[in-house]
Structures are given as C-alpha cells and as structure tokens.
Amino acid sequence: MDWDLGKFWKQDWMSWTITIMMILLCVTGVLFIRSAQAGEEGALSRVWVSQAVYMCIGLVVYFIVMMIDYRLYIRFSWLIYIVSMVLLVAVLVVGEEVNTTKGWLRIAGVGIQPAEPAKLAMTLLMATFLGSIKIDPTRVFNIIVALVIFLIPLGLVFLQPDFGSAIVMVPVAFAIMYVAGAKKTHLLIIAIIGFTLSLLLWHDFIPGVKLKQYQKDRILSFTDHNRDWQGTGYQLRQTKIAMGSGGVFGKGYMKGTQSRMGYLPKAIRHSDAIVSVVGEEVGFLGCTALLIVYAILLLVGINIGIRSVEKTGKLVCAGIVVILFVHVYENVGMALGIMPITGIPLPLISNGGSFAIIVMGALGIIQSVNIHPKPQKNFI
Amino acid sequence: MSLSDTFGEKDKRMEILAFLMSLGIVVLTATLWTLQVVGGKTYSKLGNKQGIRAQYLASARGTIKDRNGILLADSRPSFRLELYLHDMLRGGTKIPTKKNKNKRDVFDIGTVAESKIKLLSQELKVPLPAAHIKKIQRHLDLYPFQPYTLIDDVPPEVVARFYEKSPIISGADIGVVATRSYPFGNLAAHLLGHIGKVEVQKTDPNNPYAYGPAYLGKQGVEKTMNEYLLGEDGERLVRVDTKGMIQEEVKSKSPIPGDTVYLTIDVRVQQIVESVMQPIKRGAAVVVDVNNGNILSMVSVPSYNPNSFVPAISKAEFKRLKEDTDTPMLNRTISSYPPGSIFKPVIALAGLGNGKLTGKSTFPCSTLTLGNHSFNCWIFNQSGGSHGGAVDMKAGIANSCNGYFFRAGIRTGGQATYDMGKVFGFGELTGVPLTSETAGVMPGPPWLKANFPKDRWTEGYVANTSIGEGFVMVTPLQMAMFASVIANGGVVHRPRLVDKVIDADDKLVYEDKREIKARLSLKPEDVEAVKAGMRAVVEEGTGKKAAHPTVKVSGKTGTSQSRGRSGKKTWFISFAPYDKPQYALVVMVENGDSGGSTCAPLAGQIWQGIFAIPPIAEGGQVEPLTKEFLEGGIGIGIPAMVTPSGSRPIGPGLEDEEDEFETEQPRNQQDNRGRDLNAPQNLEQEEDVPDFIKNARGLRGPSRRGNVGD
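As given, the protein sequences belong to chains A and B, one line each in that order.
The numbering of the first sequence is my numbering, which starts it at 1 and goes up by one.
The numbering of the second sequence is my numbering, which starts it at 381 and goes up by one.
Rather than coming from a laboratory, the hints here were simulated on the basis of the structure.
Treat the hints with care, since some could be wrong.
Claimed, not checked - List time: in silico EDC-like cross-link candidates among lysine to aspartate or glutamate, alpha-carbon distance up to 20 Å:
| # | chain 1 | residue 1 | chain 2 | residue 2 |
| --- | --- | --- | --- | --- |
| 1 | A | Lys183 | A | Asp136 |
| 2 | A | Lys311 | B | Glu395 |
| 3 | A | Lys255 | B | Glu628 |
| 4 | B | Lys960 | B | Glu919 |
| 5 | A | Lys184 | B | Glu395 |
Using the sequences and the hints given, assemble the complete structure.
Structure, rendered in structure tokens:
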C-alpha cells in the first residue's frame, strides 16, 4: 500500500474503495449462497437470486443514503431510535417465533428483524448525543445517559431473546463511548458491573430474566467441542471439518463436500454458516482474501471517521465500523470455534435481504460522512 | 506510511480502535491458518471418513451338486427388510411426548426405531416383531453403517407394497441377499448338513465396517467344505450425503461367490435309498461304488429339513429336533454300532489270508465250550438243531453259522483277525469329509493291551469277535467299504464323498484324488470263496429276501444283540451284480427283527430301484427321478421334491438365532472301547444272536468281572 491514501481521501467525491469492496463482498456472497444450496431442490436452490435482487436494492439504498448529508440522519436520530424501539417492542408482542426466538416482524409480506436497524439507530443516537459540542463525555451523567440509550435496545433484544444481537451491541456502545472520550475508569466500572450482571444472569439470580438452556448450551459447546455432537456441538464440529478440510486452496467453487452432502446444516449453511462453505471451497487463501477485504473496509471507515471535521461524524463511523467488525469477528470466530455459536450473519455474504440493505445503508452513511465534510448551505 | 500519518495525534482512540480491529482480523487469520493449513489434512480425513459408508456385499454361498451336477444346496435370492439405523437417527423423529412438548427432535434409537417399525407395520400391512431395542442398540454401536435386518425372507407381495410406499418410509430399505435353500428338502440332509447364523460379536470389534459372513456351515459337507463354499465378501465404499443418498463410489470390491462342491453322490440313488428307508424309524443305508470308493448315497433316518435352519431355525423347531428321542440330527451312517454277523466275512478273509483256513475247511455246528461257557449257534437256540457236522465256508457264511465261525476264528487267531480288520480300516476314521464321524472299535490283542493292559486276549474274546459281538463296533460306511473290498476282489479304497470343487471361473480348486489304501494279499480264489458264500446268503441262506429277479445279488445278514435303549441293530451288507460287481450296499436298522427279515427286503428294494434307473441317452442330461418312477418302479412313496421356501410366514420366532448345534453321540456307544456297553440285555431268540452272550457277560468288563471261565 504505497499509494497516498491521504491524497486519495481528500477528493470530494465518494470513496471508491468502499464501493468496490462492498460490491466485491456482495458478489462473493451471492456466489457462495448459490454454491451452498446448489444441491437442494426447490426454493432453497434459487435463494441466491432473491439475494442478488436485495443486493441491487441495497446498492440503490447505498447511493441514496450517501448522497444525503449525514447531518440529516443525526438531526432525526432520535426519531429513528424511537421507531426502532417501537419495532423492538412490537416484535415482542406480534413477532414470529423462529428457532425459539421471537425476532421477526412481517410487514407487508417482507420479514424484517428489528434488532438489525436497532443497532444502527442506537449507534446514531449515541453518536448524536456524545458527539454534540455541548456534551462533555467525561461527566458521569452524560455517560449514564449514553448507557440508557444503549441499555433500552439491549434489554428489548434480550427479551426476544436474541443473544447474538445483544452481544454485538455491547462492543459498539463501548467503542462509541471510548472514541467520544469517556474516562477509562468509567468504562472500566461499567465493564465490571456488566460482567457481574451477566454472571448473575447466567446463574439465574436476576428475577424475571432467564437464559434458555439451549442458549447456555451454545455457549458451553464452544468451550467443549465434543459435547453433544448430535446437537449443538455437532454443528460446530461440522463447520470446523468443513473449514479445515478446505486446506490452503479449498476444494473448488461448488465442490464443497461438507455442504453438498448436508453435513453443514441446510438451514444455516447459506446464512450464519456461510463462511464454512467459503472456507471449504476456496480454502485458507480465499478466507484470508475475504478477511483482507473486510479489513480494508473497516480501516477506510475508521479513516473517514478520523478525517471527519465533526465529532459526530467520527462517532458514527466508529460505531458502524465496529458493528461490521463484531459481525465479522463473531461469525467467522464461531465457525472456527473461538467464539460461541450465535445467530449472527456475515455482513454482505450471508443470505438475508433486510440485513444486507441495512449494512449497505450503514456503509452509505460512512460514505456520506466522507463526501459531506462541511454542512451544505441549503441543508434542511 | 501515509495511513498512520492520516490518523493524527488527536485521534489516538480511533487509532487504538483500528488497531484492535486489525488485531481481531489477524487473530481470525491465525486461527484459519491453524485450522486450514496446519490441520487441513486432519480435517480432510475426518471429513472423508464421515462421508464414507462401507456397504457389505455378502457373497453368495457356493452350491453343492451331485456327481451329475444336480443341485442339492442352492443359493436363492431372498428379500429382507433392513433398517438404516444411522440414517433414522440423524433425522431424529418428532414425537410429541410428555417430556417433549415442543416437538423437538428425539435422538434415542429405541424411540425412533419403535415408531419406525410401527409405521412400517401399518404401511406394509404385515405384523412385524416388536423392536428389540437392546439388539438394535448393540447393532448401532458395533456397525453404525450396516443395515439392521428387521425380518428375513420378506414375501414378494410385501416387497411390492414397500416400493409403493417407500417415499414415506425413510431409513428402511429392502435388501436382497443370497440365501441357502435345499431344493430336495430332507434328502441327504445329514451329509449336506446345514448352516447357521453367525453371532455378530464374532467379527472384529475394532473395525466398525467389519461384518463377517452371516452364515457358516454347521454340519456335514456345509461345514467341512465351508472354506470353499464361503466365497469372499465384497465391500463397496460409497460417499453418502446426510440423507443417505449415494454421491459417489469411492472403492468397490465385488464379492466372489463361493465355489461349487461336486459330491460323488448320485441324487437318483439317494432318492431311491431315501424312499426305501423312509418308513424306517431309525436306521442308515450307504451305497458305494466298489471300483473307486465313491459314495453314491448316504441315508440316515429319521431325517430333518435343513431348510428350517434358513434364515434361522425357530426355537420350537430346534427344541423338537434336539429333544426327539430318535435323534434326527444324528448321522447314523458314520456312527458306530455292533455289527453282528456281517462281521463274519472278516474272519473268513483273515483265516484265508494267513493260511489257517481254506474254502474247503469244515467245522461242526455244535456247542463250543470254553471254560464253563457254552457258545451256541443261533440255529440251536432257535430250533435246537444245527447246521450239520461239517459246515464249510460257503455254508458257514450262507447260514451265518456261529459254530463254524467260533472255531474258524480261534484257528485263525486273534492277532490275524485284528490285522485283517485294520486293513479294512475298522476302528479308524475313514476320513470322509463329514462332521462327527466315529471310528468304531476293532478289538484284538493290541487293542486289549492298549485298553485293558492287565487282561489277556482269550479264545472267548476271539469267539465273540468272530461273530461280530463283544467289543466290535463299526459304522455303516465302514461296512459298505468292507463289502466293496470283497466285491472288487481285494482293493481297499478310501471312501470319497467330495469329488471336486470348482470355482466361479470353472477352475478346479480342489480334487479328492482316488486313493487305494491297501490290497488284500489273498489269492483271488480265496476272495472268490467269500464272495461265493455271500452269494449263497441271498440264493439260499439268511438273506433270500434281498434277491433281485435279474441281477445276481450277494450279501450277508447280521443282527447284533440289543444294547441299551436303542435296541438291536439289524444289518445287511450287500454287493451287486455278483459277476461284475458295481455297487456295495449297507442297510442298518435299529430295533429291527433280524438282518434277514428287516434289512434284506430293504436291500432288495434298493437293488430293484438302482437297477431300474433309466439309462441316460448319449449326451442327455441326468434328471432327478420322478415321483412316478419311484412310486411305480419300486412301490414306495418318496420324499417329494421340496420347493424352495419362498414365502415363509413372518413371525417373531424367525429372528431368533441359535447357537451351534452339537450332534448328539449315539447313546449306545459313547465309549468306543466298549467298556460302558454292559447295559442289561433283553435277548430274544433270533437268528445270529448267540445264546452264549448271556453267559459271556463277563467279557464286557474283563479285568473287573473276570474271564469266560467264571
């Protein structure tokens, strides 16, 4: 990397790097969704087509979002936040139960997971609050307010219970508070309190909220890989075999035996477990290439944040980048057996239309921060 | 680096964030490295292993044919209902139970199998045995990828119904296996033997794919020729997906079918002898070719149906066979019995051999007194008369004169008689490839020395041995071989039952070579003298009922004293035609009246049948005899051709396996040396049964009870 990044970023127009990396990921995703379900018959074998359509919609969303000054989102971040929280409450009341989690809302025939926009809404509002010039992030009160913004969606997501989304929100909130300039001692105290609460939760000491046994199992199975191989551990064992057997170069696109023969569970091999298919078919080199693409995306996002003239823009970038990073780290990590198994998709690769659109929208916001360094004169 | 330049001092926290995320990506890459680059091979193996399923391809057991290629033991296709436990388990089953309210998948094989079997039973409209959960569990543990056989021999209509319904019955399949069948049913059951299921633990527990032969020969030729009949099982390694669908064939080794065993048996002769012997309660008959020792027929009655052991014998049937006092599983043709007078030609030949006797030598038929024992002729006991003052060899044999043979035996001497008996192989196994053959006993001075060292071979012993009583024990097969030696003029052949073994490629893999064990060092006219005596038995002596209208039949009757529960043994040894002997025949009936009245007529019928076998046209195919021929030709019903049992009833009993069945030894000869043969006697006055036996009881336990002179 010997090109002058600084000069590259100084242009007023959008960052092509983000756009290219994003499209690269989208195409990769569609290809591997196709590969993962190629052996199936019926709707599953054509799921990549609908994903491609969603990707196109997402691309349009991306461009629209980036054209608009991000300050508009900041101004209305409280509204976005409230709408998201209403959706989170709604999903608890009228949501569809999938795999014992009440996480899906069906609106006009389209299924959405309110937890996904909630992460973004939380990021925007926290960034708005902590990025405001009037707010001193070193003050305890302000930190508490920021915590409340974080804890409301966390609690609602926990009630579904969507353990995966909850686990994403924690580092995102911490990152925003940290970058905003919160005192390290405050963050440490919050971390200790949070950790203690989780311990109490694990041991059922918190009245009213109980972890389901299968959630505990999922966490436990990552510490002991051979535990219950027909159930939770089976899935992990199979993803590891899939990735491991891919070796350096992989078995070739569409030639993954683990996915083709159904050892990777049909229900998740095109969504949460798709990295196993990638690992099996294109091996270590392919996976590393994929991680490098993500790394570029993340670093460019951070860079845009750093270069942002306003603190809010920086915090928005940091929050979104961390959301992406946590998704990548958790998703790949669980396939590798270094993270507990949670239902977290791999951004832009895993099947899932609404999440892909949200991710692309979020990248659009970063892009918007990039191309709107100064408030526009005719800004609403 | 320009990248770090752009971060700037005031954004240190952003830098740290970027660093932490980069670190995260590095951690992921490092883990990928250990998993994919370092552990690549290990995981490849694991992956390959779990996709591979070894399919066991059972070889078809070799067939057994008679000398003319007629099938005696066949391999027929049989359908069986198989459960692929591993597949059934993987999918689990959604059974709402009390504990399982939210209908999550159940992975307990017992529950899964039970529900599956219930479903199968409903869909196939067939009562199925209840799930034997322990057995199923054990099968799953030992052979996770081998199908579990739920029922064998599924009727074709059920197979058809299965294929109609198969889409809804996952985890079950119909397998085709070669199954043993004996087209003639009971015919030659004892020499063919039967097969038995092998317990699964007998195979290698360390290799989950190991799956030994399901059936092994347990008796008869099935057992002795098992290594040839078995063939080699094949194996097919296939890669399957999680639904059990085969994706590709990794390796395949075709099963090699077992070899074909050709017997010396002629199924037509066997049919005739079986027909004739069928009405007999307990007995045996053997026909051999006098010129080469080929066994043409071996019949032991009562018989059993070896088909009942396929696929597995039911408990009730097994119990019946085991507890039947007539011991239907016992092969009487190779079990030892006291011969009685059929042993007399041995003495004649011994005497002629050492020059102590000639054909012209005469002895009086009168009471022989040794010490205080009187040895009488049977005719004396029956009518008070005698065979005359000067009985020669021909008359002695013809009338089975004890007086002649007491004296002839004493003159010949115990050692010479013993030596002659050994030449014929008495007291030794013939080596015929059958299970549970017994050697019998050839008594004489060396034998006595070996078994009763303190005793002395007295003339009393000699006298007893001379008429086939005392310690002598022979098998019907030994007697048949003996008769053939007389018939062929002195050549002792080794009996042959298995002719050759041909493999699937028509290559000869084993041949039982003809073997002449010995030649009698007798002058031809001496053997002729004995032959003439045996001809006279049928012409004018005790065996008239064996006569054939056109063929000259020779023979010798025998009735041994009754011993134990099994009663008297009545015998007839025979050969024909007299001028150019071809066949030797032995008929033995337990508990008969006498050799002449019980066995000679049977022998006559057999001869009638054998010589009525229609000649085969040049290049024609030998066919089994028809029922019409057997009933019309010799007037006795035959064991009808048993059709292969294609549709056996399905019942729980069929799934039970039985352990190897040990053939019971005949009760009357558990001790070959005859020491235990002193059961109370209940003598009737019969031809050949000497009165002296009553007095000579002491002979049976010489050292303990003293000698003849008691």
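So which of the earlier hints does this model not fit?
none
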